[in-house]
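Protein chains in written order, with my numbering: chain V, 1 to 312; chain W, 1 to 493.
Hints are not guaranteed to be accurate.
Once the Cα atoms are required to be at most 25 Å apart in a straight line, the calculated DSS-like pairs of lysine-lysine come out as [to be verified]:
(1) V/K274 x V/K100
(2) W/K32 x W/K52
(3) V/K213 x V/K31
(4) W/K341 x W/K381
(5) W/K491 x V/K38
(6) W/K85 x W/K64
(7) W/K473 x W/K451
(8) W/K491 x W/K85
(9) W/K64 x W/K34
(10) V/K253 x W/K341
(11) W/K100 x W/K491
(12) V/K66 x V/K100
(13) V/K31 x W/K341
(14) W/K64 x V/K38
(15) W/K341 x V/K39
(16) W/K327 x V/K31
(17) W/K34 x W/K451
(18) W/K64 x W/K327
If you anchor each label on the Cβ, the simulated ranges turn out as follows [claimed, not checked]:
(19) V/H10 x W/A163: 54 to 64 Å
(20) W/A12 x V/R295: 34 to 44 Å
(21) V/Y299 x W/R401: 51 to 61 Å
(22) W/P137 x V/Y299: 44 to 54 Å
(23) W/A12 x V/A30: 27 to 37 Å
(24) W/S441 x V/R295: 52 to 62 Å
(25) V/S164 x W/G13: 21 to 31 Å
(26) V/R295 x W/R366: 49 to 59 Å
(27) W/R398 x V/A30: 32 to 42 Å
(28) W/A12 x V/A105: 33 to 43 Å
(29) V/H10 x W/G13: 23 to 33 Å
If you are wondering where the hints come from, they were derived from the structure by calculation, not from laboratory data.
Every residue gets a Cβ at the ideal spot worked out from N, C-alpha and C, and that includes glycine.
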Amino acid sequence: MLPRKSLAAHARLLDEIGAVDQVGVEERVAKFTTRSIKKAAKLWGLRMAVSMTDLTTLEGKDTPGKIESLCTKAIRPHDDPSIPHVAAVCVYPSMVRHAKSCVGASGVKVASVATAFPSGQTHYRTRLAEVRGAVADGADEVDMVINRGAFLSGDFARVQDEISGVVEACGPAALKVILEVSELETFDSIRAASFLAMGVLRPGDFIKTSTGKTTLNATLGNNQVMIEAIRDFYMDTGIAIGMKPAGGIRTAKQALQFLIAVKETLGDAWLTPKRYRFGASSLLNDLVRQSERERTGAYQAPYYFSEAAESY
Amino acid sequence: MPARKTTGARRAGLIFGDLWEFDPAPETADPKLKARYDLFIGGKFVRPRSGKYFDSINPANEAKLAEIALAGPSDVDDAYRAAAKAFGPWARLPGAERGKYLFRIARLLQDRAREFAVAETMDGGKPIKESRDFDVPMAAAHFFYHAGWADKLEYVAPGGSVAPLGVVGQVIPWNFPLLMLAWKLAPALAMGNCVVLKPAETTSITALKLAELLQDAGLPPGVVNFVTGAGETGALVMGHPSAAKVAFTGSTEVGKAIMRQLAGTDRKMTMELGGKAANIVFDDAPIDQAVEGIVNGIFFNQGHVCCAGSRLLVHEPVAERVITRLKNRIRVLRVGDPLDKNTDLGAINSRAQLATIRRLVASGVREGATMFQPPCVLPKKGFYFPPTLFTGVTQSHRIAREEIFGPVLSVLTFRTVDEAIEKANNTPYGLSAGVWTDKGSRILRMSTELKAGVVWANTFNRFDPSSPFGGYKESGFGREGGRQGLLDYAKLA
């Protein structure tokens with residue numbers, strides 16, 4: 001059992017899962033950025049990244065019309081039929097039913113943020129009700145936020161119990177647990193929160209970096225800390241948890257660097273949308289644009305690529 | 001529970017396969033090589049008096065790169081004579097003026113960084129990412145750093161004053177040809193000495209390319225002279241009666257021979273020799289970052305590093321965890337064409353070195369250590385050796401005692417701090433060591449008790465021109481870099 005509100009809770013958890021050295025992590029991830037991905041390998045990576053994208057719109061001004069446009073783009077990112085559909089669209093709960101009817105049988109999943117996204121600051125029962133509502137409306141996947149307040153005050157048991165409750169509320173839907181790394185601040189805390197979540201997740205669930213609503217989102221550094229936690233957990237338990245960096249990944253080049261990190265840390269079994277996702281919106285068109293560049297040898301003007309989520 | 005103990009749990013393996021193969025990504029800059037390189041004496045390229053040349057080959061594919069002049073006794077005499085002639089005016093030049101030349105060399109090297117990086121990789125076999133991101137920029141950094149000292153020499157020895165020694169003879173190794181050259185040239189020149197230097201037989205090209213650059217920089221003739229050749233030429237440079245000081249970087253065996261040769265003379269010496277560094281990982285270390293440091297410590301430059309962390313001492317409670325992660329990490333190292341930007345381990349420098357590595361690895365297997373090599377396809381031509389890990393190694397194994405100078409790591413375990421210190425120091429060498437722990441006080445204790453010139457804490461193979469580098473015991477004496485390094489090229493008054 002995890003102690004409730006113990007001052008030593010953090011230290012005890014770290015003792016069990018091991019520490020992270022920030023300088024070392026940053027040196028490691030800098031090496032991913034020097035990899036040079038060319039030709040067929042680049043095309044493969046770009047298409048893989050498209051198929052891993054959770055195309056996202058999370059704004060107060062979202063309307064059914066916007067969702068429709070997003071879903072159409074998700075199903076057919078570009079005129080080139082060799083470009084696959086994205087993994088999922090990610091929307092607010094109120095839009096789930098509509099999104100579900102838009103994606104139809106295309107294979108694109110509907111993910112819904114829930115649990116009072118992005119802050120999570122409402123009653124636990126309200127948060128659970130939101131999850132149940134989204135699943136009832138047809139959400140295939142639920143993106144929850146952890147209780148950062150409880151985590152930072154050392155109440156790890158509460159953090160984990162709440163995740164456990166959401167897992168139950170999800171039923172058949174896959175769960176993605178957002179750690180909101182910028183609010184946890186240190187790599188040690190990110191690793192600790194990853195383990196807290198994975199301890200109650202099911203195979204096929206995900207941990208996710210951030211909401212995209214704070215200043216610092218996914219970086220190669222926090223992605224690395226989390227995929228190393230996933231690897232350690234998998235090597236010890238055999239339970240494979242997925243990973244979703246979200247926010248801040250805007251270019252194809254960045255996406256390829258994240259995939260190289262996956263290839264060299266978790267291996268081939270994670271190079272699939274079942275275990276790795278990108279939470280992004282403007283990334284998609286850069287992936288498509290770069291893959292057209294690989295195919296034709298020339299960059300095309302931005303207006304050759306349909307906009308769906310990023311600029312209006 | 002948030003985490004599960006390793007013991008008793010189900011073990012799952014990872015797949016590092018061929019799902020996403022990378023296409024070749026060769027660096028294509030022109031190294032601008034000449035077909036034949038002469039000796040560089042008195043500011044000019046001159047033919048060797050014997051008329052003899054030897055071939056320099058690319059260890060990555062065994063193709064001939066260029067012909068290099070073979071310097072004999074009279075060529076070495078010529079070089080020393082040219083240096084002695086240049087010494088007076090060079091030493092009398094105001095420090096700021098000498099600094100200008102050094103700044104100019106540093107900037108020219110930066111301007112032509114890609115060209116030099118490609119030449120270095122073709123000549124020595126190291127991966128282009130290392131010559132591009134480490135060797136060439138660090139060489140330039142050494143020239144910059146010492147250029148800054150040239151007009152501040154009165155602060156090198158506070159309370160005293162310094163003067164140049166005269167002509168210094170220098171012999172450098174093949175593992176970091178350009179960088180070792182910079183380590184040797186920059187402090188010597190900043191202090192006002194003149195130089196006769198012999199690069200290693202297998203890696204002379206970047207020195208001779210630098211000679212072209214010294215001409216471009218307008219360095220006065222004779223201040224720097226390069227004589228090329230093998231061991232015999234090296235012995236002539238080290239033993240020359242006009243040398244005021246000799247500086248040698250290379251094997252302990254050759255270092256001892258030089259010391260015997262110079263015993264009884266008043267010539268100053270600096271020796272930077274072999275090593276068998278201990279990289280010590282405690283149970284509270286950040287494991288993944290330690291693994292990265294271990295990999296960097298032993299596989300950097302194919303392990304052709306005198307301060308390589310070739311002995312891993314790992315705390316017993318975490319030994320299994322560290323070794324599993326280390327093996328996973330080694331599986332994703334890319335061995336092959338050094339000019340490919342994705343290559344992590346390039347070619348072994350020479351056929352002879354490859355034979356040495358093979359011989360010592362065979363002794364490890366014969367003496368009962370367990371060998372691990374990841375599956376990797378090595379190019380058919382050229383000299384390559386896969387990254388190799390030995391577990392179950394004890395202090396008595398040859399692979400734990402002798403310098404292998406290749407991508408071979410010996411893993412030993414320890415139980416207590418005292419045992420770690422004892423094992424780390426139980427070697428004739430003492431060049432470097434690494435400590436991995438979350439505990440600051442332990443780092444301080446280890447750095448005091450480890451008999452090594454450099455102790456890295458939670459990192460490995462980090463260098464800076466301002467940080468003195470050198471050894472204890474049979475790893476040599478004298479320092480390179482920093483104020484201490486400059487003092488080794490000065491007469492104190």
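Do the hints match the structure? See the list:
1. V/K274 x V/K100: This hinted pair holds, its Cα atoms lying about 19 Å apart.
2. W/K32 x W/K52: Between W/K32 and W/K52 the Cα gap is close to 23 Å, so the pair holds against 25 Å.
3. V/K213 x V/K31: violated (28 Å)
4. W/K341 x W/K381: holds (19 Å)
5. W/K491 x V/K38: violated (55 Å)
6. W/K85 x W/K64: Violated, at roughly 36 Å.
7. W/K473 x W/K451: Holds, at roughly 8 Å.
8. W/K491 x W/K85: Satisfied, since the Cα-Cα distance of roughly 19 Å is no more than 25 Å.
9. W/K64 x W/K34: holds (12 Å)
10. V/K253 x W/K341: Holds. V/K253 to W/K341 sits at ~16 Å (cutoff 25 Å).
11. W/K100 x W/K491: Given pair W/K100, W/K491 holds - Cα atoms ~23 Å apart, limit 25 Å.
12. V/K66 x V/K100: OK: V/K66 and V/K100 at ~14 Å, within 25 Å.
13. V/K31 x W/K341: Holds. V/K31 to W/K341 sits at ~11 Å (cutoff 25 Å).
14. W/K64 x V/K38: Since the Cα atoms of W/K64 and V/K38 sit roughly 29 Å apart, the hinted pair is violated (cutoff 25 Å).
15. W/K341 x V/K39: holds (14 Å)
16. W/K327 x V/K31: holds (18 Å)
17. W/K34 x W/K451: violated (45 Å)
18. W/K64 x W/K327: With Cα atoms ~36 Å apart, W/K64 and W/K327 exceed 25 Å; violated.
19. V/H10 x W/A163: 54 to 64 Å: holds (59 Å)
20. W/A12 x V/R295: 34 to 44 Å: holds (38 Å)
21. V/Y299 x W/R401: 51 to 61 Å: About 58 Å separates the Cβ atoms of V/Y299 and W/R401, which means 51 to 61 Å holds.
22. W/P137 x V/Y299: 44 to 54 Å: violated (31 Å)
23. W/A12 x V/A30: 27 to 37 Å: Between W/A12 and V/A30, where Cβ atoms are some 29 Å apart, the hint holds.
24. W/S441 x V/R295: 52 to 62 Å: holds (59 Å)
25. V/S164 x W/G13: 21 to 31 Å: Given range 21 to 31 Å: holds, Cβ gap about 28 Å.
26. V/R295 x W/R366: 49 to 59 Å: Holds - the Cβ-Cβ distance for V/R295 and W/R366, about 55 Å, lies within 49 to 59 Å.
27. W/R398 x V/A30: 32 to 42 Å: holds (36 Å)
28. W/A12 x V/A105: 33 to 43 Å: Given range 33 to 43 Å: holds, Cβ gap about 34 Å.
29. V/H10 x W/G13: 23 to 33 Å: At 31 Å between Cβs, range holds.
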